[in-house]
Amino acid sequence: MKVVILGANGKAGSAILKEAKKRGLEVTAIVRDAAKITDGTPVIEKDVYSLTTEDVKGFDVLVSALGFWGDVSEFTGSTQHLIDILTNTKTRLLVVGGAGSLFVNPEHTVRLSETPDFPEAFKPLAIAMGKGLDLLEAAKDINWTYISPAAEFDAEGPATGKYVVAGEELETDQAGKSYISYADYAIAMVDEIEKNVHPNQRFSVHQ
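Residue 134 in the UniProt record's numbering is what sits at position 134 of the sequence shown, and the numbering runs on without skipping anything.
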């Protein structure tokens, strides 16, 4: 299976890259600076807006692990561009999503980002990532999956090899905690790459 990872030098992207290579998948990285990929992985040196259908048509899966901490509106712009270049192709799009767009009630009327305790500093980012999901849900003729992590997404946490698949509602453990490490999220992502269990759906994963 041929996989290309956009944002492969970021925290989530590098964890997914490592896991995919460990399983023997044929992996290419898309980064703006090829010098940042030092493990011998083949590189396409472009930013997301420069990518064309031609660049990615040979891949089974494109993983978008982009992070935008400055201009969060880039989440919608980049997602729309990926939709545009992947429409009517066989390449699946898997997106590293956010937890803020998960629902906190069974009626699916209130999102985590809309709750009183949600940190104000993260609201613009959460809303922008949620809008990216809206674009995917409205898109036609594209194969996509959006994976939301738990509320606490830990870059330094260990790989346990275990995770729980949840739906569109925020789930917590018995202590009321919603947690997953980047390493275990990467395992969940590569499982979805290999098995394609959730086509055209958003789901979430937690410990």
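Hints in this document: simulated from the structure, not taken from any laboratory.
Even glycine gets a Cβ: it sits at the ideal position worked out from N, Cα and C.
Mixed in with the good hints there might be a few duds.
[Unchecked claim] Here are the in silico distance ranges between beta carbons for each label pair:
| hint | residue 1 | residue 2 | range |
| --- | --- | --- | --- |
| 1 | Ala155 | Glu26 | 18 to 28 Å |
| 2 | Gly167 | Thr38 | 30 to 40 Å |
| 3 | Glu26 | Asn143 | 30 to 40 Å |
| 4 | Gly167 | Glu194 | 34 to 44 Å |
[Claimed, not checked] Result set (EDC-like, lysine to aspartate or glutamate): computed pairs, CA atoms no more than 20 Å apart in a straight line:
| hint | residue 1 | residue 2 |
| --- | --- | --- |
| 5 | Lys11 | Asp191 |
| 6 | Lys177 | Asp134 |
| 7 | Lys162 | Glu114 |
| 8 | Lys177 | Glu194 |
| 9 | Lys22 | Asp33 |
| 10 | Lys11 | Glu156 |
| 11 | Lys90 | Glu156 |
| 12 | Lys90 | Glu120 |
| 13 | Lys11 | Asp71 |
| 14 | Lys140 | Asp191 |
| 15 | Lys57 | Glu45 |
| 16 | Lys123 | Glu54 |
| 17 | Lys123 | Asp84 |
| 18 | Lys46 | Asp33 |
Verification of the hints:
Under the hint 18 to 28 Å, the C-beta atoms of Ala155 and Glu26, about 26 Å apart, fit the expected range. In this structure the hint that Gly167 and Thr38 lie 30 to 40 Å apart at CB holds, the actual value being about 38 Å. Range check, Glu26 to Asn143: about 19 Å between beta-carbon atoms, so the 30 to 40 Å window is missed. The supplied range of 34 to 44 Å is broken by Gly167 and Glu194, whose beta-carbon atoms lie about 21 Å from each other.
This hinted pair checks out: Lys11 and Asp191 have alpha carbons roughly 18 Å apart, not beyond 20 Å. Pair hint Lys177 plus Asp134 does not hold up; C-alpha atoms about 27 Å apart against a cutoff of 20 Å. Using a Cα cut-off of 20 Å, the hinted pair Lys162 and Glu114 is violated, with the two alpha carbons roughly 29 Å apart. Restraint check for Lys177 and Glu194: the C-alpha separation of about 29 Å exceeds 20 Å, so the hint is violated.
Restraint check: the Cα-Cα separation between Lys22 and Asp33 comes to about 23 Å, which exceeds 20 Å; the hinted pair is violated. Our distance criterion of 20 Å between C-alpha atoms is met by Lys11 and Glu156, whose separation comes to about 10 Å. Distance restraint check for Lys90 and Glu156: the Cα-Cα separation of roughly 35 Å exceeds the 20 Å cut-off, and the hinted pair is therefore not satisfied. Of the supplied pair hints, the one linking Lys90 and Glu120 is violated, its CA atoms being roughly 39 Å apart against a limit of 20 Å.
Between the alpha carbons of Lys11 and Asp71 the distance comes to roughly 18 Å, so the proposed pair stays at or under 20 Å and holds. Distance restraint check for Lys140 and Asp191: the Cα-Cα separation of roughly 24 Å exceeds the 20 Å cut-off, and the hinted pair is therefore not satisfied. Of the supplied pair hints, the one linking Lys57 and Glu45 holds, its CA atoms being roughly 16 Å apart against a limit of 20 Å. Between Lys123 and Glu54 the CA atoms are separated by roughly 35 Å; this puts the pair beyond 20 Å, and the hint is violated.
Among the hinted pairs, Lys123 with Asp84 is inconsistent with the structure: their alpha-carbon atoms are about 27 Å apart, more than 20 Å. Between Lys46 and Asp33, the direct Cα distance comes to roughly 8 Å. Compliance with the 20 Å bound is thereby established for this hinted pair.
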